[in-house]
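Enquirer: For reference, the chains in residue letters:
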Amino acid sequence: MSGWFPFHGGLKTVRHKTESNQQPIRSAALPKHVTVPLRQHIGAIAKPVVQVGERVLKGQMIGQPDGYVSAAVHAPTSGVVAAVDQQAVPHPSGLPDWCVTIESDGEDRWIEREPVDYRRLHPSALRNVLRSAGIVGLGGAAFPSAVKLNLSGHCERLDTLILNGAECEPWITCDDRLMRERAAEIIAGLRVMAQLLEPREVLIGIEDDKPEAIAAMAAACAGSGYAVRPVPARYPSGSVKQLVKLLTGKETPVDGLPVDAGVQCFNVATAYTVHRAIDRGEPVLSRIVTVTGHIRQPQNLEVLLGTSVAELIAQSGGYRDGVRRLIMGGPLMGFALHDDRVPVTKATNCILAASAAELAPEQPVMPCIRCGACADACPAELLPQQLYWHARAKEFDKAQDYHLFSCIECGCCSYVCPSRIPLVQYYRYAKNEIWALEKEKEKAELARQRHQARLERLEREKREREAKLRQKAPPRPAATAEKSPIEDAVARAKASAPPPETAVVTDSRDS
Amino acid sequence: MRFRTMTSPHVLGATSVGLVMRRVLYAMVPGITALVWFFGWGVLVNLVLATAVALLAEAALLAARGKPLAPHLNDYSAVVTAWLLAVALPPLAPWWMTVIGVLSAIVVAKHLYGGLGYNPFNPAMIGYVVLLVSFPREMSAWLIPHGLDRPHAMTLLETLRAIFAGGLPERFAPDGLTGATPLDVLRTKLGLGLGVTEIRNSPVFGMVAGSGWEWAASGFLAGGLWLVYTRTAAWQIPAGMLGSLAVISTIFYGIDPQRYAPPWFHLWSGAAIFGAFFIATDPVTASTTPRGRLIYGAGIGLLVYLIRSFGGYPDGVAFAVLLMNIAAPTIDLYTQPRVFGARRG
Chain A
0 MSGWFPFHGG LKTVRHKTES NQQPIRSAAL PKHVTVPLRQ HIGAIAKPVV
50 QVGERVLKGQ MIGQPDGYVS AAVHAPTSGV VAAVDQQAVP HPSGLPDWCV
100 TIESDGEDRW IEREPVDYRR LHPSALRNVL RSAGIVGLGG AAFPSAVKLN
150 LSGHCERLDT LILNGAECEP WITCDDRLMR ERAAEIIAGL RVMAQLLEPR
200 EVLIGIEDDK PEAIAAMAAA CAGSGYAVRP VPARYPSGSV KQLVKLLTGK
250 ETPVDGLPVD AGVQCFNVAT AYTVHRAIDR GEPVLSRIVT VTGHIRQPQN
300 LEVLLGTSVA ELIAQSGGYR DGVRRLIMGG PLMGFALHDD RVPVTKATNC
350 ILAASAAELA PEQPVMPCIR CGACADACPA ELLPQQLYWH ARAKEFDKAQ
400 DYHLFSCIEC GCCSYVCPSR IPLVQYYRYA KNEIWALEKE KEKAELARQR
450 HQARLERLER EKREREAKLR QKAPPRPAAT AEKSPIEDAV ARAKASAPPP
500 ETAVVTDSRD S
Chain B
0 MRFRTMTSPH VLGATSVGLV MRRVLYAMVP GITALVWFFG WGVLVNLVLA
50 TAVALLAEAA LLAARGKPLA PHLNDYSAVV TAWLLAVALP PLAPWWMTVI
100 GVLSAIVVAK HLYGGLGYNP FNPAMIGYVV LLVSFPREMS AWLIPHGLDR
150 PHAMTLLETL RAIFAGGLPE RFAPDGLTGA TPLDVLRTKL GLGLGVTEIR
200 NSPVFGMVAG SGWEWAASGF LAGGLWLVYT RTAAWQIPAG MLGSLAVIST
250 IFYGIDPQRY APPWFHLWSG AAIFGAFFIA TDPVTASTTP RGRLIYGAGI
300 GLLVYLIRSF GGYPDGVAFA VLLMNIAAPT IDLYTQPRVF GARRG
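Chains A and B, in that order, give the protein sequences. Residues in the first sequence are numbered consecutively from 0, following numbering that gives the first Met the number 0. Residues in the second sequence are numbered consecutively from 0, following numbering that gives the first Met the number 0.
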């Protein structure tokens, strides 16, 4: 079986792969300092475990995972912690976030590295090793991999484990080069994942415009039972749900995850970091970044996390004249950076310096003519023209009726829209508004509960006070046991007035 | 270094509303060529006049509404409306009829409803219906298809005089130039109790559906198929419309071939093919879901047949399209496609 199951819509785009995929991966120069964000993953921010002035070694944990969905962060090189504070990070919002800045001592000295014999390890112990090695999805989402390597609660037995080497976005070639040059290491990491998930089959999906990568991966798979499956080069084949469909024919349920359909999917670069963590005892300290576009020397660099983007550009010959936009990620789903002085993170697969020639020309936005080109292109099989209509009119409930949250923001609709409407922007806006409304509702609900609780507490305290007053009035026989028999008798006579049961009942209710 | 930011996607395909509209214009060229060949210069004069009036009206209304002129005049939507209407007009229609039709389309049907993208009704068909209802005699005075090469064809000058000054050249007998369309003839003579076979022996019917007419229809079919091939027009609409027209006309033809015209006649005559590929496919006023478009098209085909066979007008494409325009939002509501990952069935 070597066919595929086509998904609806998608795009044939200009590829722009050869600019950067012709020469081997180079190691970037050791930076003078690295600024390592503590949040490089989806989930809770890592807790800093180093102090300013502390000496750290390469590979030493500097941020500890906080909770189940979180990931560790490590010192990419040896040196001294210069700061633990908020710094500019690559995020669409442009807001700063907590980072650990390390002044490199130039020695790049490792901690003690301990390879793990994963075959003998209990699955949960193995997952913990991966968690503390800071392994997250390197395809762009940066979801903590240990969580995805645990099937409990999703399905009994995994049908298919997919390794995603599609790399469908134009310009990006970091996975292509990684597969060409380090296929054996990727497969070694894949073995660890396969041991944890015990899938019935293991498939590796690679777009058919990467024949060298396909050949290298197929050679590395020889004898393993894993199958390399070329898929047609059609954006967004590398999107998880679309790749799962391409390779297995299964559709991820609307409100679910691929694992609910019995499939789990990881990026090839993630498998590579698993191999490094297990077989060499090295946590995630670096990644391959495609530096390309309107610069003098496009290439793939192996970069320490926390290295400034500006430094990568400098090492790639610098900007050529006329760079208009700096994009982290691909041209279709990446986001524009405000500034090149931000660090590379685990999610940074590409830095694209775009000139006017690469960018969409600025055209006036025309009214929607309902031509439906967007619906023809939508891989989620939505009606983008209707979603747009409702998002624009702020009819968010209707937008949800049209499955707004199935939108993967791939940008196909905007790409084909003759009216040049920034459709994805409208969907992001609608989603954010809905989330904000829900938070608002939650807050209101919380406030209501708090108010209710306060009323109940006041009521209870009032009752308690009354009960105590009543208790004081009739002293208990036990309390007066040591008094004289006369006083005792007097007290007993007094006590007979109010019924003592009431007090007792109140007591028991309060306890 | 600092940069300006924008949201993704950062690259866009090479397309525009102007491109889509220009494709519609290109696709009309073969059909229009056939019309000019069989019906003379009047077709071209109408086209030029309608285009000029449409652009002027568009510019005036855009200015009045405070909209930027350049992007909207460059989108060619007004030209498409003008051409769709002009093609539907009799070739010697007096100039003021064309002007009234175009103004009804651009000013009333388009801009008073909010301009491009907001009009609930097909503007060209509103213009056409206004004329059909107001000037039924002039609207049915079609030229007898002769061909420009015939000695008795009107010259360009004679045509211009006829359109702008009124009156036909004296060298033609009044009934030698204009006459009823095949659909009109069929309708009138069926009313007189004649059988279809007998009626269709008249030379006006040509090979399939009227000499001249069938060539124009074939030209529009070629252009229409190209529109579908380039995905400028949704295939479901012409498929639904011509499909339902074929099915229902076959049924009635099967019941009584002497009272009902054969399906090929219905498909190839009047505005059926032109309407299916060029008018019904106006995306703004049509249904927008894939299944909805089939239903929308089928509804038009059904209405066209009913109006032609049982209604008060010889052809019914304009009314059928306008009636289905009303139904389009409701059709869309009930024909939402299954989204990726939703359960089938």
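Rather than coming from a laboratory, the hints here were simulated on the basis of the structure. For every residue, glycine included, the Cβ atom is placed at its ideal position computed from N, Cα and C. Careful, some of the hints might be misleading.
Stated by the list, open to error - Anything over 10 Å on all C-beta distances counts as not near chain B; from chain A, calculated:
1) 53
2) 60
3) 80
4) 93
5) 105
6) 118
7) 316
8) 335
9) 434
Stated by the list, open to error - Computed spacing ranges between beta-carbons, pair by pair:
10) 124(A) x 4(B): 32 to 38 Å
11) 391(A) x 246(B): 36 to 42 Å
12) 259(A) x 246(B): 55 to 61 Å
Enquirer: Please go over all the hints and tell whether each is borne out by the structure.
Expert: Checked hints:
Under the 10 Å C-beta cut-off, the non-interface status given to residue 53(A) relative to chain B holds; the minimum distance is some 32 Å. Taking the minimum C-beta to C-beta distance to chain B, about 33 Å, the non-interface status of residue 60(A) holds against the 10 Å cut. Consistency note on residue 80(A): stated as away from chain B, and its beta-carbon is indeed over 10 Å from all of that chain's, at 27 Å minimum. The Cβ of residue 93(A) sits about 7 Å from the closest Cβ of chain B, inside the 10 Å cut-off, so the non-interface label is violated.
No Cβ of chain B approaches the Cβ of residue 105(A) within 10 Å, the least distance being about 26 Å, so the stated non-interface status holds. Listed as a non-interface residue, residue 118(A) keeps its Cβ farther than 10 Å from every Cβ of chain B; the least gap is roughly 36 Å. With a cut of 10 Å on Cβ distances, residue 316(A) stays outside the contact zone with chain B, its closest approach being about 15 Å. Against chain B, the non-interface label of residue 335(A) is violated: not every CB pair exceeds 10 Å, the least being about 4 Å.
Residue 434(A), annotated as away from the interface, keeps every beta carbon of chain B farther than 10 Å; the closest lies near 17 Å. Take residue 124(A) and residue 4(B): their Cβ atoms lie about 44 Å apart, and the range 32 to 38 Å is violated. Remark: the range hint 36 to 42 Å for residue 391(A) to residue 246(B) is upheld by a beta-carbon distance near 39 Å. Checking the proposed 55 to 61 Å range against residue 259(A) and residue 246(B) shows it is violated: the Cβ atoms sit about 43 Å from each other.
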